[in-house]
Amino acid sequence: MAHAGAPLPINVRGILLAGTTLMEWGTEKQQQRFLAPILSGEELWCQGFSEPEAGSDLSALKTRAVRDGDEWVVTGQKVWTSMAQFSRRCMLVARTDRESARHRGLTCFALDMHSPGVTVPPLRQITGEPEFSELFLEEARMPDADVVGPVGGGWKVALTTLANERSGLGFYNQVEMRNNLDRLIAELRDSNQLSDPLIQAELAELHVRTEILRLTAYRVLASVEKYGQPGPEGSLTKWMWSETNQRLTQFATEALGVATLAKSDFWSYELLRSRGNTIEGGTAEILKNIVAERVLGLPKGR
Amino acid sequence: MHFDFNDEQRAIREAANGLLQQRSPVGRIAEAVEAGADDEALWQEMTELGWAGIALPEELDGQGLAMVELCLLLEEQGATLSRTPLLPSACAGRLLLHGGDDAQRQRWLPKLAAGQTRGGFGRLGDGNALVAGAAGADLVTLASERTGLLLEVGQEPLEASETIDPLRSYGHTAPCGQILGCDVPRGIQEAAICGAAELLGVARFCLETTVEYVKDRRQFGVPVGSFQAIGHKCAEMLYRVESARAAVYYGAWAADAAPEQLPRPPQSPSTLPLRARSRSLARRSRPTAESASPGKRTSTIGSSALRSTRSFSAARPTTALGSAS
Numbered sequence: 001m002a003h004a005g006a007p008l009p010i011n012v013r014g015i016l017l018a019g020t021t022l023m024e025w026g027t028e029k030q031q032q033r034f035l036a037p038i039l040s041g042e043e044l045w046c047q048g049f050s051e052p053e054a055g056s057d058l059s060a061l062k063t064r065a066v067r068d069g070d071e072w073v074v075t076g077q078k079v080w081t082s083m084a085q086f087s088r089r090c091m092l093v094a095r096t097d098r099e100s101a102r103h104r105g106l107t108c109f110a111l112d113m114h115s116p117g118v119t120v121p122p123l124r125q126i127t128g129e130p131e132f133s134e135l136f137l138e139e140a141r142m143p144d145a146d147v148v149g150p151v152g153g154g155w156k157v158a159l160t161t162l163a164n165e166r167s168g169l170g171f172y173n174q175v176e177m178r179n180n181l182d183r184l185i186a187e188l189r190d191s192n193q194l195s196d197p198l199i200q201a202e203l204a205e206l207h208v209r210t211e212i213l214r215l216t217a218y219r220v221l222a223s224v225e226k227y228g229q230p231g232p233e234g235s236l237t238k239w240m241w242s243e244t245n246q247r248l249t250q251f252a253t254e255a256l257g258v259a260t261l262a263k264s265d266f267w268s269y270e271l272l273r274s275r276g277n278t279i280e281g282g283t284a285e286i287l288k289n290i291v292a293e294r295v296l297g298l299p300k301g302r
Numbered sequence: 001m002h003f004d005f006n007d008e009q010r011a012i013r014e015a016a017n018g019l020l021q022q023r024s025p026v027g028r029i030a031e032a033v034e035a036g037a038d039d040e041a042l043w044q045e046m047t048e049l050g051w052a053g054i055a056l057p058e059e060l061d062g063q064g065l066a067m068v069e070l071c072l073l074l075e076e077q078g079a080t081l082s083r084t085p086l087l088p089s090a091c092a093g094r095l096l097l098h099g100g101d102d103a104q105r106q107r108w109l110p111k112l113a114a115g116q117t118r119g120g121f122g123r124l125g126d127g128n129a130l131v132a133g134a135a136g137a138d139l140v141t142l143a144s145e146r147t148g149l150l151l152e153v154g155q156e157p158l159e160a161s162e163t164i165d166p167l168r169s170y171g172h173t174a175p176c177g178q179i180l181g182c183d184v185p186r187g188i189q190e191a192a193i194c195g196a197a198e199l200l201g202v203a204r205f206c207l208e209t210t211v212e213y214v215k216d217r218r219q220f221g222v223p224v225g226s227f228q229a230i231g232h233k234c235a236e237m238l239y240r241v242e243s244a245r246a247a248v249y250y251g252a253w254a255a256d257a258a259p260e261q262l263p264r265p266p267q268s269p270s271t272l273p274l275r276a277r278s279r280s281l282a283r284r285s286r287p288t289a290e291s292a293s294p295g296k297r298t299s300t301i302g303s304s305a306l307r308s309t310r311s312f313s314a315a316r317p318t319t320a321l322g323s324a325s
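Listed in order, the protein sequences are those of chains A and B.
Sequence positions in the first sequence follow my numbering and run 1 to 302.
Sequence positions in the second sequence follow my numbering and run 1 to 325.
Extracted from the complex, chain A is given alone in its bound form (with noise of 0.2 angstroms):
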């Protein structure tokens, strides 16, 4: 689909973080309620996991579900909720023990959006595009049934939808990725700026990485199908992505000038959009760590 140019589904988060969880830790009741409308589309998902005091430290959340009868009752606030506007359920992440530490008293839901006490007001980025919102939780009620895997058990199920989003997505922006480069490269072909050595090198050290990237997916995805998990590399795709789409879109507005500053320009969007890669989905910074403390098994720091 990439390759086409078509854009990411308009539920991909639904497919590829909702779906995918719930296949993993949801009840047959759930995955029959759940995954066929994630499917058609008719029910779109968000992901309430960061919180204004906890982001790349997700554990530190504080929005709190406590136990009334055969429901839940959650109060709370997320933030940069991708699609909340428009997504009927969020996979939320919610503090269900105040006495258990850290990771330990969290379990995950399945939230409908339509309850009384969720209020989504959209938050407007650079690109002028209210892509995320915030998402308000007071006394929000949730029937026990909608509990996503184990009460307590929580920080597992979001672990797994945080890699499957650092996995999936890689895959999706690697061929985007390509896709642009090739846009860029016709772009100065035209503009008949392919002859300087400068822009050639540039070129090349671009057309390197994304090749490389696009290695490194496949490799992660054999690895994936042989051995249930991927290797070392896996922890690299989503670096290797952000780092190098902002070098392209950095690029691009550099080599083809200020035509490229205009609003309706395809590259002043992608340069703006670009900014965010290093952070959304696990910040570079944090994959840094996630890559010395556990692929190389250097001791924890702080």
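Keep in mind that the hints are not guaranteed to be accurate.
List of simulated lysine-lysine pairs, DSSO-like, C-alpha gap at most 27 angstroms [stated by the list, open to error]: (1) A:Lys226 / A:Lys156; (2) A:Lys156 / A:Lys263; (3) A:Lys300 / A:Lys62; (4) A:Lys300 / B:Lys233; (5) B:Lys233 / B:Lys215; (6) B:Lys111 / A:Lys300.
Just so you know, these hints were derived from the structure itself, not from any lab.
On the provided structure of chain A, position chain B as indicated by the hints.
For chain B alone, coordinates are given in the frame of chain A:
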């Protein structure tokens, strides 16, 4: 589609790793470097195992395997910094296999495959050519992007050259010899991939020893590897090593399965490990051996385009930059 090794290739890699780790501990490398000579006992063992001819055809007394298997051996050799003629002999073998005519191939390749004969390898440029693996070489292949020469070394060995690479012997010669008239570009392409495979191993060595060291070395009461300033640098080393690995494995695979997909002339697979390695070296706290690449880096854009492969059906063929400029 599986971008991964088969069981036989895994077995080869494990066997090579086992042998080299055992035979080539750091102390022995230091000895070979000090002596300025190849590790003859190890080379003997390697040739008995058929490594010298692993990627040469069976009718020329080789093992009949191909570039992927050869590159696995070269990576493992690089990862232990073993001092043997494996790489220059392999490069000479690739040049002869593709660039030589029948007579040249029949005359030299069975001997190279058996390891009785050693090959040297050098780049043709202006003036004299620097030849890697010069000491003890019976034949030397010299090549530029399109021209190849075969120099038979008689009684007189090449004049030795001192370089900063303690892991190989070097010499120099005037550019002379018999013309290699066949597919020289393919030979030099494969030689570049071989060099990159060994450098990938060297980069891996740097990463592995650095990680080991920063877990051990303590300052301020903790291992220095617990500092993010160090941890992030190590993570970046892994990033570069894995990037090089993807390019090298792809290059080796494409050389066997889809040679027309490789750029002509090649450069891309060898530049990345070089860069990864030099960064890895720069990050190491202790000084280490530096080895030079048999190939010279150039920055022409056409040469650095790695093209995509048809077997990756999901992937669209990428633009060949070279045709545009």
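Do the hints match the structure? See the list:
1. A:Lys226 / A:Lys156: Status holds; Cα separation ~23 angstroms.
2. A:Lys156 / A:Lys263: This hinted pair is violated, its Cα atoms lying about 42 angstroms apart.
3. A:Lys300 / A:Lys62: holds, 24 angstroms
4. A:Lys300 / B:Lys233: The given pair, whose Cα atoms are some 15 angstroms apart, holds under the 27 angstroms limit.
5. B:Lys233 / B:Lys215: holds, 14 angstroms
6. B:Lys111 / A:Lys300: violated, 54 angstroms
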